[in-house]
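Starting from the known structure of chain H, fit chain P onto it as the hints suggest.
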Amino acid sequence: MKIDLREWWSFVRRLATDDAYERYLEHHRQHHPNVPPLDRRTFYLREQQRKWSGVQRCC
Amino acid sequence: MRKLLWILVAIIGAFAVGGIAINRGETINAMWIVVAAVCVYALGYRFYSAWIAARVLTVDAMRATPAIRLNNGRDFVPTHKWIVFGHHFAAIAGPGPLIGPTLAAQFGYLPGTLWILVGAVLGGCVQDMTILFLSTRRNGRSLGQMAKEELGPIGGYAAMIGTLVIMIILIAVLGLVVVNAMRHSPWATSTVFATIPIAILIGLYLKNIRPGRVLEASLIGVALLLFAVAGGGWIDANPTIREWFNWDGPSLAWFVIGYGFIAAVLPVWLLLAPRDYLSTFLKLGTVFLLAIAVVIMSPEIKMPAVTQFIDGTGPIFGGKLFPFVFITIACGAISGFHALVSSGTTPKLISNEADVRLVGYGSMMLESGVAIMAMIAATLLDPGVYFAINSAPGVVGATAEAAVETISSWGFPVTVQQMNELAHAMGESTLFARTGGAPSLAVGMASIFSSAFGEGMLALWYHFAIMFEAVFILTTLDAGTRVGRFMLQDFLGHFWKPMGETSWYPSVLIASALIVAGWGYFLYIGVVDPNGGINILWPLFGISNQLLAGLALCIATGILVKQGKLKYAWVTGAPLAWLAIVTTTATWEKVVSPDVRVGFLAAADQLAARLAEGTLPPAQAAVAPQLIFNQRLDAVLAIILTLVLWVVIADTARVCWRVMKGLPVLPNSEAPATVVTVTETRITITETR
Numbered sequence: 143m144k145i146d147l148r149e150w151w152s153f154v155r156r157l158a159t160d161d162a163y164e165r166y167l168e169h170h171r172q173h174h175p176n177v178p179p180l181d182r183r184t185f186y187l188r189e190q191q192r193k194w195s196g197v198q199r200c201c
Numbered sequence: 002m003r004k005l006l007w008i009l010v011a012i013i014g015a016f017a018v019g020g021i022a023i024n025r026g027e028t029i030n031a032m033w034i035v036v037a038a039v040c041v042y043a044l045g046y047r048f049y050s051a052w053i054a055a056r057v058l059t060v061d062a063m064r065a066t067p068a069i070r071l072n073n074g075r076d077f078v079p080t081h082k083w084i085v086f087g088h089h090f091a092a093i094a095g096p097g098p099l100i101g102p103t104l105a106a107q108f109g110y111l112p113g114t115l116w117i118l119v120g121a122v123l124g125g126c127v128q129d130m131t132i133l134f135l136s137t138r139r140n141g142r143s144l145g146q147m148a149k150e151e152l153g154p155i156g157g158y159a160a161m162i163g164t165l166v167i168m169i170i171l172i173a174v175l176g177l178v179v180v181n182a183m184r185h186s187p188w189a190t191s192t193v194f195a196t197i198p199i200a201i202l203i204g205l206y207l208k209n210i211r212p213g214r215v216l217e218a219s220l221i222g223v224a225l226l227l228f229a230v231a232g233g234g235w236i237d238a239n240p241t242i243r244e245w246f247n248w249d250g251p252s253l254a255w256f257v258i259g260y261g262f263i264a265a266v267l268p269v270w271l272l273l274a275p276r277d278y279l280s281t282f283l284k285l286g287t288v289f290l291l292a293i294a295v296v297i298m299s300p301e302i303k304m305p306a307v308t309q310f311i312d313g314t315g316p317i318f319g320g321k322l323f324p325f326v327f328i329t330i331a332c333g334a335i336s337g338f339h340a341l342v343s344s345g346t347t348p349k350l351i352s353n354e355a356d357v358r359l360v361g362y363g364s365m366m367l368e369s370g371v372a373i374m375a376m377i378a379a380t381l382l383d384p385g386v387y388f389a390i391n392s393a394p395g396v397v398g399a400t401a402e403a404a405v406e407t408i409s410s411w412g413f414p415v416t417v418q419q420m421n422e423l424a425h426a427m428g429e430s431t432l433f434a435r436t437g438g439a440p441s442l443a444v445g446m447a448s449i450f451s452s453a454f455g456e457g458m459l460a461l462w463y464h465f466a467i468m469f470e471a472v473f474i475l476t477t478l479d480a481g482t483r484v485g486r487f488m489l490q491d492f493l494g495h496f497w498k499p500m501g502e503t504s505w506y507p508s509v510l511i512a513s514a515l516i517v518a519g520w521g522y523f524l525y526i527g528v529v530d531p532n533g534g535i536n537i538l539w540p541l542f543g544i545s546n547q548l549l550a551g552l553a554l555c556i557a558t559g560i561l562v563k564q565g566k567l568k569y570a571w572v573t574g575a576p577l578a579w580l581a582i583v584t585t586t587a588t589w590e591k592v593v594s595p596d597v598r599v600g601f602l603a604a605a606d607q608l609a610a611r612l613a614e615g616t617l618p619p620a621q622a623a624v625a626p627q628l629i630f631n632q633r634l635d636a637v638l639a640i641i642l643t644l645v646l647w648v649v650i651a652d653t654a655r656v657c658w659r660v661m662k663g664l665p666v667l668p669n670s671e672a673p674a675t676v677v678t679v680t681e682t683r684i685t686i687t688e689t690r
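One line per chain: the protein sequences are H and P, in this order.
Numbering-wise (the working numbering), the first sequence opens with residue 143 and increments by one.
Numbering-wise (the working numbering), the second sequence opens with residue 2 and increments by one.
Heads up, some of the hints might be wrong.
Derived pair list, reagent style DSS-like, types lysine-lysine, alpha-carbon separation capped at 25 Å [claimed, not checked]:
{"id": "1", "chain 1": "P", "residue 1": "K321", "chain 2": "P", "residue 2": "K303"}
{"id": "2", "chain 1": "P", "residue 1": "K303", "chain 2": "H", "residue 2": "K193"}
{"id": "3", "chain 1": "P", "residue 1": "K662", "chain 2": "P", "residue 2": "K563"}
{"id": "4", "chain 1": "P", "residue 1": "K662", "chain 2": "P", "residue 2": "K566"}
{"id": "5", "chain 1": "P", "residue 1": "K568", "chain 2": "P", "residue 2": "K662"}
{"id": "6", "chain 1": "P", "residue 1": "K82", "chain 2": "H", "residue 2": "K193"}
Partner residues are not named here, just some residues of chain H that face chain P (Cβ under 10 Å, in silico) [unchecked claim]:
{"id": "7", "residue": "Y163"}
{"id": "8", "residue": "E168"}
{"id": "9", "residue": "H173"}
{"id": "10", "residue": "D181"}
{"id": "11", "residue": "T184"}
{"id": "12", "residue": "Q190"}
{"id": "13", "residue": "Q191"}
{"id": "14", "residue": "V197"}
Keep in mind that the hints were calculated from the coordinates and are not lab data.
Beta carbons: idealized from backbone N, C-alpha and C, even for Gly.
Extracted from the complex, chain H is given alone in its bound form:
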């Protein structure tokens, strides 16, 4: 039951892109271990810029 709850919470966070930075760090550590990662704020701003450069919302 406890595990289910935790899975559900991580699903909600993932859906809301609340965990985007943690996943970025994870990806960054695996693929570019020698480059320092962006800080949380820069990453957030850059993601917003990227996200809103295409068709994101519909009628």
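For chain P alone, coordinates are given in the frame of chain H:
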């Protein structure tokens, strides 16, 4: 056993559809519609979508998707199918499926409901899933790029023009809906105004205080929005303050235009992104709540199955059942705009090709379900009340007495007292002639919510529903203006390089101003039009949205034929043929019909004649030249849109003909197949958990 279950679903579904179709009693319970919809969706998903995935698209679960091959941790990210489903649904679901069915309810509940169900299962869902799949196979190419690479440059340009035009019309019509909901309503206006500082506050929170903590920021924001709804009631009760927010239509139109421009040039983190987080939370929450409330309350549908207005004399918009019900309900049945989301963002998240069924077909099914709920919310009102809210003064008469007399004479009894009591209960001064669909939907939603979750809060629920619609209409307005700006910058960049630089400020300002001027023009004309403006703009929006769907289906059909699947080409070809018939007939009628409530040119000529005779009242004579010009412009626009569709159809036919003759065509633009190895799959699964 499984088979038996599905046979049972089919029988129940057939029974429910038959029930709503042949019922001619006074009322019918909404549960009939809900059950019919659930069965139709279940059968469509289980059988038709599975067949399309296996036979037509030959989905290959072993083939590596772009998210896996090109994983960069940002836009290309293999993602669990339910997460992609959520993101994709949030992206495609806008105010369209709420408004279209509300307007189309003037024909009765039956025509709209059947079109929503059949159109979605055989058309809209198929389009979304097919385009999603094709784009996934092409590394997430956009619709325009696919058109160019698979059909040729003509298709590419047509997709670009179509997208830009639909964007401008869409924003204008949505702006008009918000303006009509706020007109002389201090409660609604102050609540909608309050959403702007709230969004900015959340934007600052997400940037400076707790960067990227989307969940907590959204919860704070939604709480503030609910507080703003209640606060609007307090403002409305205060005789001095309420006048600050008591605006007329043109002032509100200028406000929306100014807001749209500022929102498009501000950095996204400040207004657009936080507003979108709030609207997405509200949207998912309200849709969920509405579904539960409809089932708990199971309201009686008071609208007849079919009204006399199928003959084209409807007060909300003129025009016969065919083709106008198919134009009025675009989103919810088939929406070309979805093809833009299905190509581009979503394909880059798909971790397994097999997921396109859930994400593409499934999301559209849910959106169609939202349209069904909007239909229920519109038709549970007394028909007289529904027509009194949605009919423009130019159609039923300018005074309350005249309006109720006209509407009652149609056989939908309603009294001034009844309307006044309803307006009072909703916390409004009047509900007459609140065209655009949002207020009548809000009345419907408020009665569902308050009877399911406690009486006596009608006014709060009404303004919550208005705020809910306004929030994501304004999000679409911001985001649409921004996308339009990018497209225009890209286009102008061909003529003068610096204009193509998306971050060069002069270019940003010029391109944004041009886009805002485009939709601002249509919005302003719609607001000053005594016939409400919606009756002109909404059909134009429907035509352009169906046109975009036609383009998407052309691309899909062309690709199927090129891949040697001619025998399955009807899967996308049949909805394409239907849309071509519908949009062409609608355009024809909108242009040449002698009925002034349908034909743009007839209306312009009649107005011009009356202006020349001097029989118009002074207020109308002042705006008449603009209205005349606008109607003629709309006719030209409708013709251009339909021509664009036929050019692309001809181009697709040319490609198909060359394939059948064995002549060379553009090569298949699919990315080469790479099989997912077992270890990679394991990595993917662990990543997506």
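Results of checking the hints against the structure:
no.	hint	result
1	K321(P) x K303(P)	holds, 22 Å
2	K303(P) x K193(H)	violated, 44 Å
3	K662(P) x K563(P)	holds, 12 Å
4	K662(P) x K566(P)	holds, 15 Å
5	K568(P) x K662(P)	holds, 16 Å
6	K82(P) x K193(H)	holds, 20 Å
7	Y163	holds, 5 Å
8	E168	holds, 8 Å
9	H173	holds, 7 Å
10	D181	holds, 8 Å
11	T184	holds, 9 Å
12	Q190	holds, 5 Å
13	Q191	holds, 6 Å
14	V197	holds, 4 Å
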